[in-house]
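K.L.:
For reference, the chains in residue letters:
There are 2 protein chains.
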Amino acid sequence: AADLAVNGVSHRGKVLTLDSMNPNVKRVEYAVRGPIVQRAVQIEKELKEGVKKPFTEVIKANIGDAHAMGQKPITFLRQVLALCSYPELLEDNMFPEDAKKRARRILESCGGHSIGAYSASQGIECIRQDVARYIERRDGGIPSSPDNIYLSTGASDAIVTMLKLLVCGEGRSRTGVMISIPQYPLYSAALADLGAVQISYYLDEDKCWSLDVAELRRALNAARQHCNPRVLCIINPGNPTGQVQSRQCIEDVIRFAKEEHLFLMADEVYQDNVYAEGCKFHSFKKVLFEMGPEYSSTVEMASFHSTSKCYMGECGFRGGYMEVINMDPEVKAQLTKLVSVRLCPPVPGQALLDLVVNPPQPDEPSYTTFMKERTAVLAALAEKARLTEETFNTVPGITCNPVQGAMYTFPRITLPQKAIDKAKEEGQVPDMYYCMRLLEEEGICLVPGSGFGQREGTFHFRMTILPPTEKLKVVLQKIREFHLRFTQEFS
Amino acid sequence: AADLAVNGVSHRGKVLTLDSMNPNVKRVEYAVRGPIVQRAVQIEKELKEGVKKPFTEVIKANIGDAHAMGQKPITFLRQVLALCSYPELLEDNMFPEDAKKRARRILESCGGHSIGAYSASQGIECIRQDVARYIERRDGGIPSSPDNIYLSTGASDAIVTMLKLLVCGEGRSRTGVMISIPQYPLYSAALADLGAVQISYYLDEDKCWSLDVAELRRALNAARQHCNPRVLCIINPGNPTGQVQSRQCIEDVIRFAKEEHLFLMADEVYQDNVYAEGCKFHSFKKVLFEMGPEYSSTVEMASFHSTSKCYMGECGFRGGYMEVINMDPEVKAQLTKLVSVRLCPPVPGQALLDLVVNPPQPDEPSYTTFMKERTAVLAALAEKARLTEETFNTVPGITCNPVQGAMYTFPRITLPQKAIDKAKEEGQVPDMYYCMRLLEEEGICLVPGSGFGQREGTFHFRMTILPPTEKLKVVLQKIREFHLRFTQEFS
Chain Z
1 AADLAVNGVS HRGKVLTLDS MNPNVKRVEY AVRGPIVQRA VQIEKELKEG
51 VKKPFTEVIK ANIGDAHAMG QKPITFLRQV LALCSYPELL EDNMFPEDAK
101 KRARRILESC GGHSIGAYSA SQGIECIRQD VARYIERRDG GIPSSPDNIY
151 LSTGASDAIV TMLKLLVCGE GRSRTGVMIS IPQYPLYSAA LADLGAVQIS
201 YYLDEDKCWS LDVAELRRAL NAARQHCNPR VLCIINPGNP TGQVQSRQCI
251 EDVIRFAKEE HLFLMADEVY QDNVYAEGCK FHSFKKVLFE MGPEYSSTVE
301 MASFHSTSKC YMGECGFRGG YMEVINMDPE VKAQLTKLVS VRLCPPVPGQ
351 ALLDLVVNPP QPDEPSYTTF MKERTAVLAA LAEKARLTEE TFNTVPGITC
401 NPVQGAMYTF PRITLPQKAI DKAKEEGQVP DMYYCMRLLE EEGICLVPGS
451 GFGQREGTFH FRMTILPPTE KLKVVLQKIR EFHLRFTQEF S
Chain H
1 AADLAVNGVS HRGKVLTLDS MNPNVKRVEY AVRGPIVQRA VQIEKELKEG
51 VKKPFTEVIK ANIGDAHAMG QKPITFLRQV LALCSYPELL EDNMFPEDAK
101 KRARRILESC GGHSIGAYSA SQGIECIRQD VARYIERRDG GIPSSPDNIY
151 LSTGASDAIV TMLKLLVCGE GRSRTGVMIS IPQYPLYSAA LADLGAVQIS
201 YYLDEDKCWS LDVAELRRAL NAARQHCNPR VLCIINPGNP TGQVQSRQCI
251 EDVIRFAKEE HLFLMADEVY QDNVYAEGCK FHSFKKVLFE MGPEYSSTVE
301 MASFHSTSKC YMGECGFRGG YMEVINMDPE VKAQLTKLVS VRLCPPVPGQ
351 ALLDLVVNPP QPDEPSYTTF MKERTAVLAA LAEKARLTEE TFNTVPGITC
401 NPVQGAMYTF PRITLPQKAI DKAKEEGQVP DMYYCMRLLE EEGICLVPGS
451 GFGQREGTFH FRMTILPPTE KLKVVLQKIR EFHLRFTQEF S
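Line order of the protein sequences matches chains Z and H. Under the UniProt record's numbering, residues 1 to 491 are what the first sequence spells out, in order. Under the UniProt record's numbering, residues 1 to 491 are what the second sequence spells out, in order.
If you are wondering where the hints come from, they were derived from the structure by calculation, not from laboratory data. Hints are supplied without guarantee of correctness; some may be wrong.
A pair counts as met if it fits within one copy or between any two copies, since identical chains are not told apart.
[Said to hold, decoys possible] Once the Cα atoms are required to be at most 25 Å apart in a straight line, the calculated SDA-like pairs of lysine to any residue come out as:
#	residue 1	residue 2
1	Lys332	Gly457
2	Lys337	Val41
3	Lys101	Glu91
4	Lys258	Gln198
5	Lys471	Ser109
6	Lys164	Ala192
7	Lys45	Ala380
8	Lys207	Asn221
9	Lys45	Gln225
10	Lys45	Lys332
11	Lys48	Gly397
Work out the full structure, taking the sequences as your base and the hints as a guide.
P.N.:
As structure tokens, then:
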């Protein structure tokens, strides 16, 4: 900071300025909550203050936030959380016995029988046991150990921690991390923050956003010129692209990771969100173990899950876990040490995770209601996935792959050259210009495709399919009208 | 990783090993949950399995975890949390109206009226408003703006985020951060992780762990030879040392920070934990503003608070906030962007924080019970602070400063030379050897002073004063007996 002498008094600039701050942080971008969302919040305030707009509410379809879109919490989960928060309710007759049983078990595993105590940094042991058993059931009996489970603050926390462990070296030896394009921008943000090298591999939009090993190899070989590629990140079901990978594709990816000596990070937070006929979720771990000991005893992997998605949509609780496989025991000790610095993941989120991996059973009183609520959420999502794809594909200039899973559609939009020129004039990338106009004119908040990455010269947006069906229909209709108007304006 | 050809098949080592992992992570140390705590957990398991020990339970006095030590949650806080978790309870008559009112207000500010929705990344707006009003009341009306409040996942999260923003440069230009010795090891761990330079300044044990500006200046001048000092961290009331800084001392520190162009980080999570006669908590912000505009409009500062300490002790909820003062608006935009990548702090922790800053008022139905519970916790802590100091000072070879505030005592122990030699033989630092022996022989888990830093040749341990009074008396008695036995053994 420069010294300025004014009237004999030394005046200095701030200690912390844009020029003197951490340059890696400056490079971080996170479009899901970027400028367009800030403008949406501002417009909401203006509406409240009585400013006239061509719409009466802002619909935020920018983020996978189910409850904010009106989805009701699952009764059983919230009953147990209330019991854990205020155990005096255990004496009451208003709660079913299975909810009380779960709450008692969680409380007994907490220090002083309170969810206000710190837990073990890796997470409460009996919850890690429940997670391991859940994974075993999911994967047809392939063993899972609680020692390999790390509970986390949402999945994001575990993903960033895992990347942090993996990044080292300088210059051409700096760790390279392969991520899909389009990607979920947590990955690019974390890599910028850590100063790691992003290696982009492209998903094939023409083949329903599928992943091709030849493209992985192309990206890897190109990256070897300037960094040390060590990590391959996969999101399945896909975010923002909504595809569900085939078993064959997963096998190919695992073989590639082994051949190329890469650590696999499998982001599987949408594992219960699969809608399309013929699609099925295959966990990377299950496929790995079915490929035999040559793979299952060598390929290093971490898989991530969360309480924020699926049928629960409990984003605010920040619950999640990661399972590590074939991790060097010395590195695991380092991981355990690293997570201990932050003491522990939020205990209410841990409790919630326990219920997700250990839900009511057929012989328990809450079973019927629980299953009814769960099925209704997933059936509505499947219906909305279909509706979204069908509607967009009737709009000239919008093409849309099936939403096989997850919670998003990532349609491609054709923009007239004049609109692209206009955006440049305004100093915006074209899809940001498009989305900003949509927000200002229709009150709908989407995220431009450029926030996730897309092939040069193509344009997209990400929209969640979470609004209630009737509202979703309105949203789709408004986007349709806007798109036609916008296209006409610039033709 | 080396390739080994066995039977024509290429075998390679792991991708991620101790040698190939992030070297900064390797340098991280966190004694509060280090090897001694891992051994304590192991001993607990052995006891459960029926292994005979000279004791029947392990008492973990290593961490400020009030509920784990038997402190009961404050009724009002937990009632509101239960209502927020399961809003059907709002229809019930079992909860007082003020609890319902708080819950309704929190739910109305949540997306979809659910604490399962993501909040704004900076935290729920109406809670940030409540925090700002709380700070204004605390500081006698000095204004506080919700725009300067960032809710966080415990205080640790905000401290690490703030340090991350501040660290830049390479070699001799690398950011240096001044921390007290003894310190809370989150600081040294975060600095190792970020690759920043730790600048140690020593607290004066002979003057009740007070802070002397001459010592700050000595440390700063020495550090200027090899790094770029930009940040000064203060913990008040002190952890692990329990001192409460005088108003004069705070003024001197602020003057020093201004003169030396340092960003101030004030860790004030123990602000409600002040016990000693004549001691009072003075917030850095209040003192800064009382020093006049020359200071209040220039010195950059962040202050941290948490729901984990004080009378609540709700560690598991991971609630907290930071207030930033005089931060460059462009940097604030970067901070907001950075926190958005992790989406939001846990919403139940935010709700809890709202209750802490907006507790029952004299005209509300929960007031009497709330005040009774709050006062009882703080009075018991004050009594235990006194008891701890008095007991330790009767033991030959232990000297102990008054526990003026916070939750810990950090007594100095005199170790015979033969014990120091024996520790070296065992490959342990002397106070770790002492604490391990205490754990094995008495079942008491403390943290060696070396985990916090101490002057060369001196030895200490940190013990929380949290065990219930009767148990604390036993703990103190056992430490006394152990210390005498240990000293005798090596004389």
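K.L.:
25 Å Cα cut-off: does Lys332 pair with Gly457 within a copy, between copies, both or neither?
P.N.:
neither (43 Å within a copy, 34 Å between copies)
K.L.:
Within a copy, between copies, both or neither: where do Lys207 and Asn221 come within 25 Å Cα-Cα?
P.N.:
within (23 Å within a copy, 63 Å between copies)
K.L.:
Evaluate Lys48 and Gly397 at a C-alpha cut-off of 25 Å and name the case that applies: within, between, both or neither.
P.N.:
neither (35 Å within a copy, 68 Å between copies)
K.L.:
If the cut is 25 Å between Cα atoms, do Lys258 and Gln198 qualify within a copy, between copies, both or neither?
P.N.:
Classified as within; 20 Å inside a copy, 40 Å across copies.
K.L.:
Should Lys45 paired with Ala380 be assigned to within, between, both, or neither, using CA atoms and 25 Å as the limit?
P.N.:
Result: close neither inside a copy nor across copies, 31 Å intra and 47 Å inter.
K.L.:
Is the C-alpha distance from Lys45 to Gln225 at most 25 Å within one copy, between copies, in both cases, or in neither?
P.N.:
Answer is neither: 50 Å inside a copy and 51 Å across each miss the 25 Å cutoff.
K.L.:
For the identical chains here, do Lys471 and Ser109 meet the 25 Å Cα criterion within one copy, between copies, both, or neither?
P.N.:
Only across copies: Lys471 and Ser109 sit 21 Å apart there, 43 Å inside one copy, limit 25 Å.
K.L.:
Could you place Lys45 and Lys332 in one of the four classes (within, between, both, neither) given a Cα distance threshold of 25 Å?
P.N.:
For Lys45 and Lys332, the Cα distance is within 25 Å only across copies (21 Å; inside one copy 48 Å).
K.L.:
How would you classify Lys164 and Ala192 at a CA-CA limit of 25 Å: within, between, both, or neither?
P.N.:
Close inside one copy (11 Å) and across copies (13 Å); limit 25 Å.
K.L.:
For Lys101 vs Glu91, is the C-alpha pair at or below 25 Å within one copy, between two copies, both, or neither?
P.N.:
Both: 12 Å inside a chain and 24 Å across chains, each within 25 Å.
K.L.:
With 25 Å as the alpha-carbon cut-off, assign the pair Lys337 and Val41 to within, between, both or neither.
P.N.:
Only across copies: Lys337 and Val41 sit 15 Å apart there, 39 Å inside one copy, limit 25 Å.
Going through the hint list in order, the structure does not satisfy hints 1, 7, 9 and 11.
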